[in-house]
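Enquirer: Sequence:
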Amino acid sequence: MYKILCFAMNCFLLLCSFSARALRWIQTMTFAVKEINKRRDLLPQLKLGFHIRDSCDDIPVSLRASLLLVNGQPERDPRVKIEDKDKGVGRTINGTNLDCVSYFASCSCLSDQGQFPTFMRTMPSDAFQIRALARLVSYFGWTWVGLIASECCSGTSLSLQTSQAAIEKCFYYFIYPKNKMQGILREVRRWNITGLQWIASEAWATATLLWARFGDLLKGTLGFAIRRADVIPGLKQHLTSLKPSNIYHSAFLTEYWEETFNCRLNGSVNSHFHGISNNLERLPCKGTENLDDVYSPYSDVTQLRVSYNVYKAVYLVAHALQDMNNCKVGQGPFLDKSKTLHSFNFDQNGDPIAYYDLMNWQRAPDGSLHLIKVGFYDASSPAGHHLRLNFASQASRSVCSDSCPPGSRITRRKGEPICCFDCVPCAEGEVSNQTGVLYSLECFRCSEDTWPNKARDLCLPKTIEYLSYHELMGMLLCAASVLGACISLSILAIFFIHKDTPLVRANNMELSFLLLLFLAVCFLVSLLFIGEPSDWLCRVRYPAFGISFALCISCLLAKTAVVLVAFRSTMPGSNVMKWFGPNQQRANDLIPPSAQVIICLIWLLSGPPHANSNSDYHSAIIIIECVTGSEAGFWCVLGYIGVLACMCFLMAFLARKLPDNFNEAKFITFSMLIFFAVWMTFIPVYVSTAGKYTVAVHVFAILASAFGLVFCIFAPKCYIIIVKPEKNNKKSMMQR
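All letters in the sequence shown, in the order written, are residues -22 to -1, 1 to 714 by mature numbering (1 follows the signal peptide of the UniProt record, and there is no 0).
What the hints contain is simulated information worked out from the structure, not anything from laboratory work. For each residue, glycine too, the CB sits at the ideal point set by N, CA and C. Check each hint, because a few of them may be wrong.
The calculated lysine-lysine pairs, modelled on DSBU-like cross-linking and capped at a C-alpha distance of 35 Å, are [to be verified]:
1) Lys477 / Lys702
2) Lys644 / Lys702
3) Lys214 / Lys264
4) Lys477 / Lys644
5) Lys670 / Lys440
6) Lys351 / Lys214
7) Lys25 / Lys214
8) Lys477 / Lys708
9) Lys221 / Lys12
10) Lys264 / Lys221
11) Lys264 / Lys16
12) Lys264 / Lys12
Estimated spans, in silico, between C-beta atoms of each pair [stated by the list, open to error]:
13) Gln215 / Phe28: 18 to 26 Å
14) Gly265 / Ala229: 15 to 23 Å
15) Gln23 / Gly345: 48 to 56 Å
16) Phe474 / Gly617: 32 to 40 Å
Using the sequences and the accompanying hints, generate a full structural model.
Expert: Next up, the structure:
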């Protein structure tokens, strides 16, 4: 017969405190053994038996009982060092080289396979419970936590490991003597401390005895409990099938029967218990007592947690024996403890894969404790999904300072705990999109092409800015450019149609045609400044602007010079007009622009304009702009246009008093004044603006100066040609 070693806590010797729950655990073991012995598919040639010893929840008694089971009655050795019960029993059994299966030992120390190579259990290690508790604290964002632990090994280990799992949280530790939990609750009530959110470890997550005295304090408690079995078929009937006639052989069952029905079985030797001075004072049992008529934790199978561990432990041993019986010579069934033993899953330390029910303490209508499962912790789930809750997150708040919202970071308060802090907004260009003490320590800078939103919790792509055809300002400037070019070409067409009239011929027809053509080009050049800049567009726009205006002003300069020389040549002895024939006039039109072309070539070769993404003016906006490359090249082009304009203005001013009918000088003078006004205003505005507005100012200056030339020089002539054609004759031209 194979024997199962079972250590039932808080059992039934007369010197020990009575526990109906522990009796249920013993009866669950006997039920599982009998069930296995009846099966034909599991250990058909073997029968299981058992010995039961009482630990009295006392370390010396536990050690004595374990030695008695293994070796018989030992002599007391004063040199034996009494240590933690779980460790002591484990080392005692380990010294005998016998396999030990525990149903209730949870100390994480027992996972050390170096010290306990033959130890296994169906109870999860406290290491898993610690992770579950830390996960729960993190889930609700609690940072202000008081930890109450007992002096025993389990409590100390729990406190140390939890402190590691709760970095950056305020944990306060209170160590209390073993079995003094109720004393702490009495002090809480005496000091009228309310509003606490209690978190129960597995040790008392389903302790109904605490509810009877402290239910008002513990309402709403959350705690992790051992996984509950819905039902163990046949266990209820086994527990309640006790009869006086079949329990005389067991002192444990006799004790339970007498305490439950407050009677005395004939032959019982139980003495003083629960305030009854002598067991003989009880009346004899009638023999008609029935366990179905009374409530007892012994027969309560609604919370089969430890009992389920006992049941699994028995079956674990049975399946292990079955595997040993079936293994071949030279092979062993326990080469790797992390393998699955039938339906039992263990890790490399011999620990079962943890699964806890998350229980919530609520008051039932009759005032009793109602345990409600509100979630679970499954260590076998993927990382980050171990803890699952099936209720709204409305638990009490337990924080010194609220977690910093996205868009801010924490700043420590000097001299205060680490979980007490203030929140400050992230600096410009930085974001923080996570909350909690661990995550909002610092803000993070956005990348070069992104910028924080208003809440500073998200980096958004920066706004791209340039003068576009799709915005209103770009549309208006584009329309003005096209309109100016159309007006110039329309005037050119009018002049061409009336090219034989005295008015057109008297004002240097060929230069007028060229001037109108170049003005149309100036209008169209402004379109190069609209749209997204690129390197090739930047290298075209500035030279095109400089050369087109140089051509226009060169034509005006030639027209003014011809008029001025023509009247000066009428003086006796003057032969100046031979230098201003048609060929010479064409040359005068090309020489000044040629100098501008040379300046532009030097500029393009030395430091050409190029497209650039600029965020210096506004951090949230990327301005795509054309930079001039060589600043000297840009100002040389602009300065050369200014020099030509000054020469044209000077010559027009000198010719302003010539006969009106032959004279364009006063119109050219006025147009140059407008030109100077526009470009003198352009320079300070151009320097002080940024982005698309700089480009818009440049385009406006081009259009304004070009329209000034068109209307000042050609509008009076068009008026005569179209509205007053009777004045367009030689007689009118020759009146003065």
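Enquirer: Each hint: holds or not?
Expert: Going down the list of hints, with the structure as the test:
no. : hint                        : verdict
1   : Lys477 / Lys702             : holds, 16 Å
2   : Lys644 / Lys702             : holds, 21 Å
3   : Lys214 / Lys264             : holds, 24 Å
4   : Lys477 / Lys644             : holds, 22 Å
5   : Lys670 / Lys440             : holds, 16 Å
6   : Lys351 / Lys214             : holds, 22 Å
7   : Lys25 / Lys214              : holds, 23 Å
8   : Lys477 / Lys708             : holds, 14 Å
9   : Lys221 / Lys12              : holds, 18 Å
10  : Lys264 / Lys221             : holds, 11 Å
11  : Lys264 / Lys16              : holds, 33 Å
12  : Lys264 / Lys12              : holds, 29 Å
13  : Gln215 / Phe28: 18 to 26 Å  : holds, 20 Å
14  : Gly265 / Ala229: 15 to 23 Å : holds, 19 Å
15  : Gln23 / Gly345: 48 to 56 Å  : holds, 54 Å
16  : Phe474 / Gly617: 32 to 40 Å : holds, 35 Å
Against the hints set out earlier in the document, no violation occurs for any number.
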